[in-house]
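Novice: Residue strings, one per chain:
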Amino acid sequence: MASITKESAAFVFRGTVKRKGAANLKAITDTGRTAVVTVEEIVRSPPAIAGFVGQDVTVRLADQEQVASGEKAVFYVTGFVFGERLAVQSVGHDSVTGARPMVAASTQAAGGDPTRAFRQTKARERAQAAPVVVTGKVVAVGLADSETTGATSAAITSRRVSEHEPFWREAVVEVEAVHKGTMPSQQCVLRFPGSSDVRWHRSPKFQAGQEGVFSLHPDRVTSSTRLGPAAHSLAASATTYTALSSADFQPADHPAEVAAAVSAAQSTATT
Amino acid sequence: MRRAKRAKAVKATRGKKVTRKAKKVTRKTKKAAVVRKKPASRRAGGAVAGPAGILLVNIIPKSLSSETNQDSEPMIAVNPANTDQIVATAFTPDPLESGSAPYFFSSDGGKTWTLNTVVPGGDMTGDITVAFSGTGPALYAGILRQDSPGQSTRMAILRTADFSVPAPMDVLDDRLEPDQPFAQAATVTNGSAAGTQRLYVGSNDFAGNGSTATVDLALDAAAPAPVFKKVRLERRSTGTAGQDGPQVRTSIHSDGTVYATFYGWRSQSGNFGANTLKVKTDVVVVRDDKWGDNPKPFESLRDAADNVVGQRVAKGVTISFNRNGLSANGQQRMGGTLSIAVDPRSNKSGTVYLAWGSDEPGTGFSIHVKKSTNRGVTWSANDILTVQRGTNAALAVNADGAVGLLYQQLTGTGPALRWETHLRRSSNGGNSWSDLTLATAPASTPVKTFDPYLGDYDHMVAVGRDFYGIFSASNVPDKAHFPNGVTYQRNADFNTRVLRDVSNLHSVVPSIDPFFFKIGA
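Chains as they are written, first to last, in my numbering: chain A, 10 to 280; chain B, 1127 to 1647.
Quick caveat, the hints were computed from the structure, so don't treat them as lab data. Just so it is clear, CB atoms sit at the ideal spot from N, CA and C, and this is done for glycine as well. Among the hints, a few may not be true.
[Stated by the list, open to error] A few chain A residues facing chain B, derived, Cβ under 7 Å:
| no. | residue |
| --- | --- |
| 1 | Ile58 |
| 2 | Thr87 |
| 3 | Gly92 |
| 4 | Leu95 |
| 5 | Val170 |
| 6 | Met192 |
| 7 | Pro193 |
| 8 | Ser205 |
| 9 | Arg208 |
| 10 | Leu253 |
Taking the hints into account, I'd like the entire structure generated from these sequences.
Specialist: Shown next as structure tokens:
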């Protein structure tokens, strides 16, 4: 698990320290390193906890982190305890003045929507982690070779039956721009799970016509060795990719997330 | 060091005084429970009153009132040494995506719940089951990690010394291929091994080369590095199926008797990808009489017909094994259901109940319950209970020998389809059964966001005379959905039948939530 930093923290808010050495939920009895903080503005947040403005939360401070009662600050936090109230684990805080440029930039990019700022952070992370990032359009979708009855009927009938079966599909992506890594041809093949099982449901399910930015990883997941029918026009040696995280695809109609992914890709591309 | 620090930092309240008081109240009112049903009415805090002796709680914490996740496939563990301590699981993601998955825990007998994000392997588990050690706050878990490097399932067996500590669980075993881990544990109470913690994790291990039904057992699970023995339960050919079913369930008696049951698949027809797969299967029970502490574990029971290990309680049963849940089946994917429970009383380890699911003409699918009083050698000729259109069977037997069956049943047709959750109980060995409806809600809403809609299982245990269980259902705050009352921790308005977000200002769309219950004897 990657360590969580101020940049990657899922929940960022501006608040005022109400009581140092205190907590406001019963599961926390040792308050030596906690503080109750009133949330005044949320800068970045997943949807499930975006409604805490005006509420008090318990912040468990990071090692060596100090706050004072009455102090106003921007806190960068991750989850700690979810009970009758919320407790979060701080990864650090900045003074309101010091954080002002970050808050302003984030607010502007996200249109003041902290959940959009969260999505942009995720898009940025995935683009940074991916070896190849492209802008493109899905021009065809079909079964992966492992799913086609004609080519591998023996494999299909003899394979395991599991509720977590991925049911691989292939999307052919017409590449319009390469932001990171190399793309030897104008089209590439993207394998994705067609399964609606809990294990795979968060992976993007691609459809022909979708346009946007794709954060791509060479396929080391599927067992397919040949291209499926949708990709029949590509060279058999074409590199295949996967994009399994929900943030690996940013649709074109989400321009702020697209911009975040492209910017992150370019900033981490090797020249 | 980090664990110790965090353990010191956070300690859940134990609430022992509250428990003693609550137990007194339960004893006082239990006789009147049947006749003193109060009219359902709204209380402040999202509660609808029900009869005394019945506690039903939506376990999503108040701080997560804004969540809309499909929290299906629940599991529960109750500490037998302190029934205030309960852990529950579901397909619940870490709301802040820290890289670890959560479980729910209660330290006050299930009245209030907190989310503890300590399960390694990703923000959410694939499957997860939990078991208390039997004598203390140590908790075991079997999970499917989301961070499998390939497309294979990746099972991890986990342990924490204290379920309430917000520190990552220790990984005891971690390997590719097993599916649907089902953890159960117990502590030996007498003899030379007294105090030893024993852990049994059933799974469908695809590394089993056709004989996939498996139990991983650790005879000293509390050891710093427990040694696991992998036992392949299937001794017959799995034929053209080439595998067993995903459900491998166990039940442990304090005298060292351990039962396990599985679907021994024999053949298949249809197409899984096309959602038309049908499986012919036996329902098999195996047994070990010494905790599995012998060179050939789980070989104590042989089928008289073929003298092979494993009694076939039902032969040639047909089940549908769905890829997706169908609207005609209330969005729930079908794939069989299995549960086994031994009578916990002294000298009663020979009494064991078994529930399994099968396809049935006319009704589509059914649960069958049978009973054995001779350690699984023979079984009741007929079902002692049959539930048409029932699934997610969970059996438990309490300290009086009363047996309970939790299940979810599809009722109605077309747009009137509903999922009803029932608890049936019998105090006379299955001759007659009471019926308690815990929840009833339309099967078409909310619309599923993934499979399984309600889960491939739910769960129930008995500690003392009480039954503790968990199921997943629609969270629409409609008192008509909970005829025996319910309490919500999350913000909900039962007058307008609307969920509210954490600010209580905005409505929240319905989703599937886990519901805990405790039913007094």
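Novice: May I ask you to test the interface hint for Arg208 (chain A) with respect to chain B, counting a Cβ-Cβ separation under 7 Å as satisfied?
Specialist: holds, 5 Å
Novice: Just to be careful: measuring from the Cβ of Val170 (chain A) to every Cβ in chain B, is the smallest value less than 7 Å?
Specialist: holds, 5 Å
Novice: With a cut-off of 7 Å, does the beta carbon of Ser205 (chain A) approach a beta carbon of chain B closely enough for the hint to hold?
Specialist: holds, 5 Å
Novice: Holds or violated: is there a CB of chain B closer than 7 Å to the CB of Pro193 (chain A)?
Specialist: violated, 25 Å
Novice: Was the hint right that Leu253 (chain A) lines chain B, CB cutoff 7 Å?
Specialist: violated, 10 Å
Novice: Let's test the interface hint: is any C-beta of chain B closer than 7 Å to that of Ile58 (chain A)?
Specialist: Constraint on Ile58 (chain A) satisfied, holds at 6 Å.
Novice: With chain B as the partner, please determine if Gly92 (chain A) meets the hint condition of a C-beta pair closer than 7 Å.
Specialist: Result: holds, 4 Å to nearest chain B Cβ.
Novice: With chain B as the partner, please determine if Leu95 (chain A) meets the hint condition of a C-beta pair closer than 7 Å.
Specialist: holds, 4 Å
Novice: Holds or violated: is there a CB of chain B closer than 7 Å to the CB of Thr87 (chain A)?
Specialist: Holds, because the Cβ-Cβ distance from Thr87 (chain A) to chain B comes to roughly 5 Å (cut-off 7 Å).
Novice: Under the criterion of a CB-CB separation shorter than 7 Å, is Met192 (chain A) in contact with chain B as hinted?
Specialist: violated, 24 Å
Violated hints, listed in ascending order, are 6, 7 and 10; each of the other numbered hints is respected by the structure.
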